[in-house]
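> So the chains spell out like this:
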Amino acid sequence: MSFLKINNLSVEYKMRRETVHAAKNINIEVSKGEILGLVGESGSGKSTVGNAIINLIDEPGKVSNGTIHLGEINIHDDLENIIKYRGKKIGLIFQDPQTSLNPIFTIGEQLIETIQTHLKLDIKQAKDKAINLLKEVGIKDAEQRFNNYPHQFSGGMRQRVVISLALCCEPELLIADEPTTALDVSIQSQILDLIKKLTKERNLAVILITHDMGVIAETTNRVAVMKNGNLVEIGQTKEILTKPKQTYTKSLVSSVPPTNKKISRFIIVEKENQPTNNTNIKILNRWTKKEIIKQDLVEVKNLYKSFDDSFFTESSKNIVMAVDDVSFKITEGESFGLVGESGSGKSTIAKMIVNLFKPSSGDIYFDKTCITKIKSNKEMMKFRKQIQMIFQDPYSSLNGRLKVEDIIAEPIKLHNPSIKNEDLKNYIFDLLESVELAPNSSTRYPHEFSGGQRQRISIARALATQPRLLVCDEPTSALDVSIQAQILNLLKDLQEQLNLTILFISHDLPVVRQMCDRIGVLRNGKLCEISNSEDLFENPKHEYTKELLRLMPKIETIYN
Amino acid sequence: MIKYFFKRLFQSAVVMLIVAFVSFSLFNFVGDPINNMVGEETSDEERSQLRESLGLNDPVHIQFSRFIVNASKGEFGISYQLRRPVSELITERLPATIELVFISALIALVSGTLLGVYTGINRKGFFSDIILAISLLGVSLPTFVIGILFIYLFAVILGILPSFGRGEVVDLGFWSTGFLTTTGLKAIILPSVTLSLFQMTYIIRLVRAEMMEILQTDYIKFAKARGLSEKSIYYKHALKNGLIPVITIAGINIGTLIAFSIITETVFQWPGMGFLFIQAVQFVDIPIMSAYLFFIAFVFVMINFIVDILYYFIDPRIRVKAEAASG
Numbered sequence: 001m002s003f004l005k006i007n008n009l010s011v012e013y014k015m016r017r018e019t020v021h022a023a024k025n026i027n028i029e030v031s032k033g034e035i036l037g038l039v040g041e042s043g044s045g046k047s048t049v050g051n052a053i054i055n056l057i058d059e060p061g062k063v064s065n066g067t068i069h070l071g072e073i074n075i076h077d078d079l080e081n082i083i084k085y086r087g088k089k090i091g092l093i094f095q096d097p098q099t100s101l102n103p104i105f106t107i108g109e110q111l112i113e114t115i116q117t118h119l120k121l122d123i124k125q126a127k128d129k130a131i132n133l134l135k136e137v138g139i140k141d142a143e144q145r146f147n148n149y150p151h152q153f154s155g156g157m158r159q160r161v162v163i164s165l166a167l168c169c170e171p172e173l174l175i176a177d178e179p180t181t182a183l184d185v186s187i188q189s190q191i192l193d194l195i196k197k198l199t200k201e202r203n204l205a206v207i208l209i210t211h212d213m214g215v216i217a218e219t220t221n222r223v224a225v226m227k228n229g230n231l232v233e234i235g236q237t238k239e240i241l242t243k244p245k246q247t248y249t250k251s252l253v254s255s256v257p258p259t260n261k262k263i264s265r266f267i268i269v270e271k272e273n274q275p276t277n278n279t280n281i282k283i284l285n286r287w288t289k290k291e292i293i294k295q296d297l298v299e300v301k302n303l304y305k306s307f308d309d310s311f312f313t314e315s316s317k318n319i320v321m322a323v324d325d326v327s328f329k330i331t332e333g334e335s336f337g338l339v340g341e342s343g344s345g346k347s348t349i350a351k352m353i354v355n356l357f358k359p360s361s362g363d364i365y366f367d368k369t370c371i372t373k374i375k376s377n378k379e380m381m382k383f384r385k386q387i388q389m390i391f392q393d394p395y396s397s398l399n400g401r402l403k404v405e406d407i408i409a410e411p412i413k414l415h416n417p418s419i420k421n422e423d424l425k426n427y428i429f430d431l432l433e434s435v436e437l438a439p440n441s442s443t444r445y446p447h448e449f450s451g452g453q454r455q456r457i458s459i460a461r462a463l464a465t466q467p468r469l470l471v472c473d474e475p476t477s478a479l480d481v482s483i484q485a486q487i488l489n490l491l492k493d494l495q496e497q498l499n500l501t502i503l504f505i506s507h508d509l510p511v512v513r514q515m516c517d518r519i520g521v522l523r524n525g526k527l528c529e530i531s532n533s534e535d536l537f538e539n540p541k542h543e544y545t546k547e548l549l550r551l552m553p554k555i556e557t558i559y560n
Numbered sequence: 001m002i003k004y005f006f007k008r009l010f011q012s013a014v015v016m017l018i019v020a021f022v023s024f025s026l027f028n029f030v031g032d033p034i035n036n037m038v039g040e041e042t043s044d045e046e047r048s049q050l051r052e053s054l055g056l057n058d059p060v061h062i063q064f065s066r067f068i069v070n071a072s073k074g075e076f077g078i079s080y081q082l083r084r085p086v087s088e089l090i091t092e093r094l095p096a097t098i099e100l101v102f103i104s105a106l107i108a109l110v111s112g113t114l115l116g117v118y119t120g121i122n123r124k125g126f127f128s129d130i131i132l133a134i135s136l137l138g139v140s141l142p143t144f145v146i147g148i149l150f151i152y153l154f155a156v157i158l159g160i161l162p163s164f165g166r167g168e169v170v171d172l173g174f175w176s177t178g179f180l181t182t183t184g185l186k187a188i189i190l191p192s193v194t195l196s197l198f199q200m201t202y203i204i205r206l207v208r209a210e211m212m213e214i215l216q217t218d219y220i221k222f223a224k225a226r227g228l229s230e231k232s233i234y235y236k237h238a239l240k241n242g243l244i245p246v247i248t249i250a251g252i253n254i255g256t257l258i259a260f261s262i263i264t265e266t267v268f269q270w271p272g273m274g275f276l277f278i279q280a281v282q283f284v285d286i287p288i289m290s291a292y293l294f295f296i297a298f299v300f301v302m303i304n305f306i307v308d309i310l311y312y313f314i315d316p317r318i319r320v321k322a323e324a325a326s327g
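Note that the protein sequences, when read in sequence, are chains A and B.
252 is the number that the numbering used here gives to position 252 of the first sequence; each next residue is one higher, with no gaps.
184 is the number that the numbering used here gives to position 184 of the second sequence; each next residue is one higher, with no gaps.
Nothing false has been slipped in among the hints.
Not the full set, but computed from the structure, chain A residues with beta-carbon under 7 Å of chain B:
| # | residue |
| --- | --- |
| 1 | Ile83 |
| 2 | Phe94 |
| 3 | His151 |
Lysine-lysine pairs mimicking DSSO-like chemistry, simulated, CA-CA at most 27 Å apart:
| # | chain 1 | residue 1 | chain 2 | residue 2 |
| --- | --- | --- | --- | --- |
| 4 | B | Lys231 | A | Lys120 |
| 5 | A | Lys425 | A | Lys385 |
| 6 | A | Lys541 | A | Lys262 |
| 7 | B | Lys224 | A | Lys14 |
| 8 | A | Lys14 | B | Lys221 |
| 9 | B | Lys224 | A | Lys120 |
| 10 | A | Lys84 | B | Lys221 |
| 11 | A | Lys88 | B | Lys236 |
| 12 | A | Lys196 | A | Lys84 |
| 13 | A | Lys89 | B | Lys236 |
| 14 | A | Lys32 | B | Lys221 |
What the hints contain is simulated information worked out from the structure, not anything from laboratory work.
Positions of the beta carbon are idealized from the N, C-alpha and C atoms, including for glycine.
Same shape as in the complex, but just chain B (with noise of 0.2 Å):
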């Protein structure tokens, strides 16, 4: 167990490096970090002043590890445009982001795997065709039209939800939370809903044919024979065997949630990191660009690295293979 758990940490730090270097790169290497930061009439000896108190002049791989040990405390320099250092403004956004990604998550992951065991069981019935055409919809319509479309519906001609924004937010001091008053949770519905269809619609298709293929299975065919319920044989037998691959798949998902919350996060002008980054992209706002990047990059490393470790618990067979390989 333990030398499972090493060496998947190893590969996540190894992974972490290469993305660290690409970061870097762009930090250093799109454009001079200096003419971005200061102005048309800056003299050349302040200039080259500037450049010597950055280190900019010192070999790269000294500025590589000082972006290194920067990095791993959370410092990613200032703000070109907004002038504050980097991490003060990530740590302003990513409540927004990590609650809306956790609700659009949740609504995936449950919604999806109810309708994907429905749909699995009940293959020719008239509901399947129908959750199955809409789910259709889902994928093939892009997200901002969608969102659009729920604004347009539910904010516009019901007036019943906010068209934008988060709501009001409870300052908890190192957390605001919209999950606390009713226009915070008003104005989560539709920006989640948004996000997560095309999860949903994924995670639909992915355990209606794990559900298809399992209940083919010779243990399926075998736990009939003995005459146990369908209930258990559905939702014991055959979907505890089918989550397996939807926890990886659901991993990498959360993952690609908040690296597409930009598209959501500026649909409903929602305050995260996705919006942030849109924002630093059309200002060519280099170090909240490659934080940004650095940062997705983490989550979705952390993210493999959990379903792995999951894995580990879930599937007794992964567990005999660790265990062996580790002699």
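Okay, chain A solo, but in the shape it has when bound (with noise of 0.2 Å):
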């Protein structure tokens, strides 16, 4: 017997112009005791049904048709009561803990209100119940913390307190709204062991919001798959991820990255309007190619830093080592990976690669010079043009009043002023076609462009210069799984026929597996261990590395 029955909804947004349909004629049942996984990327729809189960979708959005009943009461029959169920009856966690929580009151206050609201207890019984949760949701100390602000806890204990809100008041039905996006492995798996422990303690009806089939696979008993707002394909995890039936399903597990093998490519199903052949690339004529020598192009010696912000207030015994003597070397044409968890320092050695922050002390020689020494700017100047960036997030790394087209053509001027307008208009004509974009982009500006595509810009931008190294910070964190497939084809056919050389930083284990052929892996700073990647898969050395590597959620867990 099904507890919660989503029956023919659709959620509509009335624009001026159009009515977008978010949601169109869902059928969902969870029951009790069952963790629901919701799937699909990014303007799917998944959230806006959540969203709608406790009628929380926002202006102009409605629900425009349909049914939920929560075990025999149809809860929108009155949408002005629908207050009651939100926090009594159904339990909502959103996905970043750090917003979740009012910064300004304790979370004893928060967790006593929310009690109170629902519940007919006094202070005490409220106090107790509350610390009873945080207790049961496993943070230690709970009568101290109980006083503690929002700030004052990690992000996976932030979570935890966030669950225990949810929580508070009994909910029968939790809908949690990619509770571990923004969370490191190792605090993910914690926390989704959390939620299937009280799963099954509280006999909670359970939907899991998520992007990330990795996880699906681990957690969830059933799945339900979306594609713009329509329901793809609805059945046991096991049966979907194994044997999907519909094409989309198919060719969303295909883009997920293996974390048992390396493959060569990622077998792409359906794509983004694009022409698919990469099989010649006109920059190469271009390219003033050396022959490349199975030579140490970048070697980091004993690097350190630290941030010290404030001027006036005097260094304080707790300086936080970001970077702490790291060394490690990148041949000439190979990819090396740097994995670690967030505040690792990864992102730090790349800033100080490409000369964006100085090093507190340590060398980074390139090809042989010592770049962290170099003073003069036009010294420098040679170097930057040999080093690229490619920046996480495609949104803010791209000047959003520029066309394409200056956007590429600045790093090309900077370094070659003297290039003729002729060429400068082919060269970025080049430069798009080997990023897979129509030659029209060019006249197009970055807000047009899906995250995806501004990617593919950004890389287009960072080949402008002709680099040796291209360093990817977190290239396709922001991305969708099947269009992080495509960008991380694009950067093993170029690097292939390009000879690049590719430092490649993510947190994410099993595409740093495909794209690498050396990992270093850091955490805190240091450096635990460095070796070819698929010995660091199969035979890791160090503790940490184990550890990551066996909280990784795995998708192939669903074939065991």
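Assembly of the complex is requested from the two constituent chains, each provided in isolation within its own frame, with the hints serving as guidance.
Put into structure tokens, the structure is as follows:
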């Protein structure tokens, strides 16, 4: 007997010109004690369904059709009264624990207020209940931490507090909207375990909304796949992931980087309106390519970096070393990966290599020259030309007020001011072609492109100076999994044909396995181990690496 | 905490020192102070004797340090025009200005916050539009026009409120107050409302923008998802967060109110410091001007200092930053 029954649910956003259907005729049932995964890419309507259940859809969206039954009650009968069910019958967890808690109230105040809203308890009883809850979700010293403010908790602890708030009035349905997306792998697995445990102990019905197929594989009993507001497929998780019936589900599953083996390319089933063949790259003719000599292109020696921000206050005892004695070499033509959780210093190293940060101490050699000791800007320009970077967020890394051609032309003109207009135009077209963008893209503005296309523009811009080293800082973290597969394929192709050396930075282990020849594992600014990527995944040596590998969500678990 | 406190105090002291220097230069270098003090028929010998006795021949840094010492005791010399110590004049006029500013700040803060919250929550309501339209008038009309309109309406046509002065005041020895008499209370209504209009508009718009932004945040969405009542979401969770920037602005604005009270005081013939200042400007009464400058700067610095300290108590995040910074 299903506990939650969503029948024919439609949600629409009436805009000035058109009506957007965020969800169309969705039918979903969830039983008690069951975790249903709701998976889809951004814009697929998965969060809309979650929000529609408790009628929290932002203006001007509204539920236009359908019923939602909780047990025997149709909770959408009386929308004014739905506030009664929020928190009481249905708990909701949001993605980002950093922003879901009110910063100026202690977690105790927030818990007690919520409890007293729904249950007839006095302050004392509410406090006891709150403390027991905090203990239940795994917060140590709950009595003391009760009076702490949200910012005094780490991300994972905060998400535990959020869960305790969602569960404090004993709801029977829990909707978790990307509950672990903002968290590191190790914290993610703890939070997922907690949700699984609570589901069992409290006999909850759970809807877990996520884009991460690994999480789906490891956590859910059943899964519903959504695309463009439609329910594509629903069924047992194992069934859907191993024998997907619909084309879309197939492409989604094949885009996920496997964790247990290295594949040469991702299989792309559906493409994002782009030319498919990438056989010849015209910019290859322009590339003033040297023969690859298997020698060290980059050498990092005993690198340290600390951030000491205040000028007036004397440096205190607890200086945080963002990068702590890191040394490694990258051979020309290889892909070197740096992995680590947030705060491990991986981006800081990248920024020091491209000379955006100065190291506190230590040296970086590029092609046998120590680039950290270069003083003159002119001298530095020679190296800046050879080292280019691709950033994580394709939205903020392109200037929205420049046309694509101007974005790409800027680095070309900087390093070659005498280039003729005709030449420049052709060069830009060649670059666009090499990243599989249509030539007419050049006169458009960044906002007219999707995230994946923007990242292609970033790559074209980086290639414009014909670099030898490409530093990619989480280049696909902001992208959907099918787009990620395309971008990773593109990077692989480019590297092969242009003999690029790539420093690939990511927190996503499966992606790093697919992309890199050698991998360095960072933790708290220290390098734990460096080894060939297959060795690292098959025989990790350092304890921390083993831990990371054990905790990463594996889509393959479903086959066992 | 103590370190945070002293750091702020030190910053305030630096600002005051700079202002003191400007104030001092005004006194000494705008025209010849001796010329301003004595009459036409004073002989050159008497002039140089006076110059010597006033210490005007001393090196600049000695004069400046003497100025600082005197200023810290509240002594700013003798008014050219009224022939009385400036400190005495200021203490006489201070209560009138402080009372006026206090009442208008109160009006601006309370009604500004209430209307701001209302318009922030009911974004598309009819009343919100009206409030915003009227408040726009409040900023676009100059203070003296509003003051004169008020006088015309309430004093001339309706005849219910006095058009000038403070009414009867009760002297408490160190302070003369208009709060204890009916005429005094009546007299303060028009000038304080006039003075508060501009600030009120400012606060309405600030609170409204803050509320609208905060109502979009995740923690408000999460509060709604927990089924908290609208009352609690709006007035507890949203408003308290929204007030943090308001405190900064309001702090600076109280200073502005004192400075801007010049116009209002002139329109309503309010016997406060602004009025005193205007008279001083007309007679080039430099000791009063420099004392006024010094005093206004002092008020600004003090208010900012208090706001910084208040911040520390209101926003737990600053508390942590400050503690981290002081080790």
